[in-house]
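A.B. asks: Given only the sequences and the hints, what does the whole structure look like? Please build it.
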Amino acid sequence: MTSLSAKDKATVQAFWSKVSGKAGDIGTDALSRMLVVYPQTKTYFSHWKDLSPGSAPVRKHGATVMSGVAEAVGKIDDLTSGLLNLSELHAFTLRVDPANFKILAHNILVVLAIMFPNDFTPEVHVCMDKFLAALARALSEKYR
Amino acid sequence: MVEWTDQERAIINGIFSNLDYDDIGPKALCRCLIVYPWTQRYFGAFGSLHNAEAIKNNQRIADHGITVLHGMDRALKNMDNIKATYAELSVLHSEKLHVDPDNFKLLSDCLTIVVAAKMGAAFTADVQAAFQKFLTVVVSALGRQYH
Numbered sequence: 001m002t003s004l005s006a007k008d009k010a011t012v013q014a015f016w017s018k019v020s021g022k023a024g025d026i027g028t029d030a031l032s033r034m035l036v037v038y039p040q041t042k043t044y045f046s047h048w049k050d051l052s053p054g055s056a057p058v059r060k061h062g063a064t065v066m067s068g069v070a071e072a073v074g075k076i077d078d079l080t081s082g083l084l085n086l087s088e089l090h091a092f093t094l095r096v097d098p099a100n101f102k103i104l105a106h107n108i109l110v111v112l113a114i115m116f117p118n119d120f121t122p123e124v125h126v127c128m129d130k131f132l133a134a135l136a137r138a139l140s141e142k143y144r
Numbered sequence: 001m002v003e004w005t006d007q008e009r010a011i012i013n014g015i016f017s018n019l020d021y022d023d024i025g026p027k028a029l030c031r032c033l034i035v036y037p038w039t040q041r042y043f044g045a046f047g048s049l050h051n052a053e054a055i056k057n058n059q060r061i062a063d064h065g066i067t068v069l070h071g072m073d074r075a076l077k078n079m080d081n082i083k084a085t086y087a088e089l090s091v092l093h094s095e096k097l098h099v100d101p102d103n104f105k106l107l108s109d110c111l112t113i114v115v116a117a118k119m120g121a122a123f124t125a126d127v128q129a130a131f132q133k134f135l136t137v138v139v140s141a142l143g144r145q146y147h
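First to last, the protein sequences are chains A and B. Going by the working numbering, the first residue of the first sequence is number 1, and it counts up by one from there. Going by the working numbering, the first residue of the second sequence is number 1, and it counts up by one from there.
No lab work stands behind these hints, which were simulated from the structure alone. In this text, all values refer to a predicted model and were calculated from it rather than measured experimentally. Keep in mind that a hint or two might mislead.
[Stated by the list, open to error] Keeping only pairs whose Cα atoms sit at most 25 Å apart, straight-line, the calculated PhoX-like set for lysine-lysine is:
| id | chain 1 | residue 1 | chain 2 | residue 2 |
| --- | --- | --- | --- | --- |
| 1 | A | K102 | B | K133 |
| 2 | B | K56 | A | K130 |
| 3 | B | K118 | A | K102 |
| 4 | A | K42 | B | K133 |
| 5 | B | K118 | A | K22 |
| 6 | A | K7 | B | K56 |
| 7 | B | K118 | A | K18 |
| 8 | A | K42 | B | K105 |
| 9 | A | K130 | B | K118 |
| 10 | B | K105 | A | K130 |
| 11 | B | K56 | A | K9 |
| 12 | A | K102 | B | K105 |
| 13 | A | K49 | A | K130 |
C.D. replies: Next comes the structure, spelled out in C-alpha cells:
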C-alpha cells in the first residue's frame with residue numbers, strides 16, 4: 001500500500017480540524033458500533049463491567065483512542081517513529097491482533113459519514129482510509 | 001443456511017424499501033472507484049474515469065450503480081436461500097466479467113458508508129449489524145461459484 005502524499009496529508013489535516021471538536025463522540029460511537037457489529041472484539045474488554053453502546057467505559061476508551069488519532073494527525077509526517085510508544089503498548093502489553101485495527105477504522109469511517117455527510121466526500125474518504133491504514137501499520141511496527 | 005431473526009429481516013427490508021436506488025446506487029459505485037481506484041480496471045469501456053469529478057459525472061457508471069443495487073433485490077426476495085439465488089450471477093462475475101471477488105467486499109463497504117450517511121442517526125449499531133450481515137451473505141454467495 002502507498003504512503004501518504006502531500007495532498008493526502010493536507011486533506012486529512014483539513015478534515016480533522018473540522019471534526020476534532022467531536023472527537024469524543026466519534027470515538028464513543030465508533031467503539032460502540034464495533035462491539036455490536038463485530039462481537040469478537042469484545043474479547044479484549046472482558047474486564048469492563050458494561051460493554052453496551054455509550055456506556056461509561058466505552059466513552060472513556062473512545063476518548064483515549066481518538067486522542068491517539070489526534071496524536072497521529074500531528075505526527076503525520078512520520079507516523080512510524082512518532083507512534084513508537086503506542087506501537088510498543090499495543091505489541092507487548094495490549095497484544096491486540098492487528099486485524100482489529102482495520103475493523104475499528106471501518107467503524108470510524110461509518111461514524112464520520114453519519115456525523116459529517118456533506119464533508120465526508122469520496123475524496124476525503126480515500127485520504128482518511130489511507131491515513132487510518134498508515135496509522136495501523138505504524139501501530140503494528142513493534143509486533144514482530 | 002443463514003439464520004435471520006425477525007428483527008434483522010425487518011431492518012433489512014426497511015432499509016431497502018426506503019432506499020432511493022437512483023441516488024444511492026451511483027453514490028456507492030462512484031465512492032468505490034474513488035476510494036479503491038484499482039476497481040476501475042473493470043470499467044475501461046465506460047469512458048472517462050481519470051479523476052473524481054469525471055467519475056461522479058459519468059452517466060454509465062451512475063446507471064451501473066443502479067443496476068448493481070437492484071441486483072440486491074433478488075437476495076431480499078429470497079433471504080432464506082441467497083446462496084442458490086446468486087449461483088447464476090456468481091458464474092457471470094467469474095466466467096464472463098472476471099471480477100476478483102475481493103472487490104465485492106470493497107463495494108459493500110462503500111455501500112454501508114453511503115447508506116449510513118443517508119440514514120444518519122437512524123443507522124444505529126443494530127441496524128449496521130443487520131445490514132452488514134446481509135451484505136456479507138450476498139458477497140459470499142457471489143463468490144461461491146468461482147473456481
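A.B. asks: Run every hint past the structure and note whether it holds.
C.D. replies: Hint by hint, here is what the structure shows:
{"no.": "1", "hint": "A:K102 / B:K133", "in the structure": "holds (17 Å)"}
{"no.": "2", "hint": "B:K56 / A:K130", "in the structure": "holds (21 Å)"}
{"no.": "3", "hint": "B:K118 / A:K102", "in the structure": "holds (23 Å)"}
{"no.": "4", "hint": "A:K42 / B:K133", "in the structure": "holds (18 Å)"}
{"no.": "5", "hint": "B:K118 / A:K22", "in the structure": "holds (20 Å)"}
{"no.": "6", "hint": "A:K7 / B:K56", "in the structure": "holds (20 Å)"}
{"no.": "7", "hint": "B:K118 / A:K18", "in the structure": "holds (20 Å)"}
{"no.": "8", "hint": "A:K42 / B:K105", "in the structure": "holds (23 Å)"}
{"no.": "9", "hint": "A:K130 / B:K118", "in the structure": "holds (23 Å)"}
{"no.": "10", "hint": "B:K105 / A:K130", "in the structure": "holds (17 Å)"}
{"no.": "11", "hint": "B:K56 / A:K9", "in the structure": "holds (23 Å)"}
{"no.": "12", "hint": "A:K102 / B:K105", "in the structure": "holds (13 Å)"}
{"no.": "13", "hint": "A:K49 / A:K130", "in the structure": "violated (34 Å)"}
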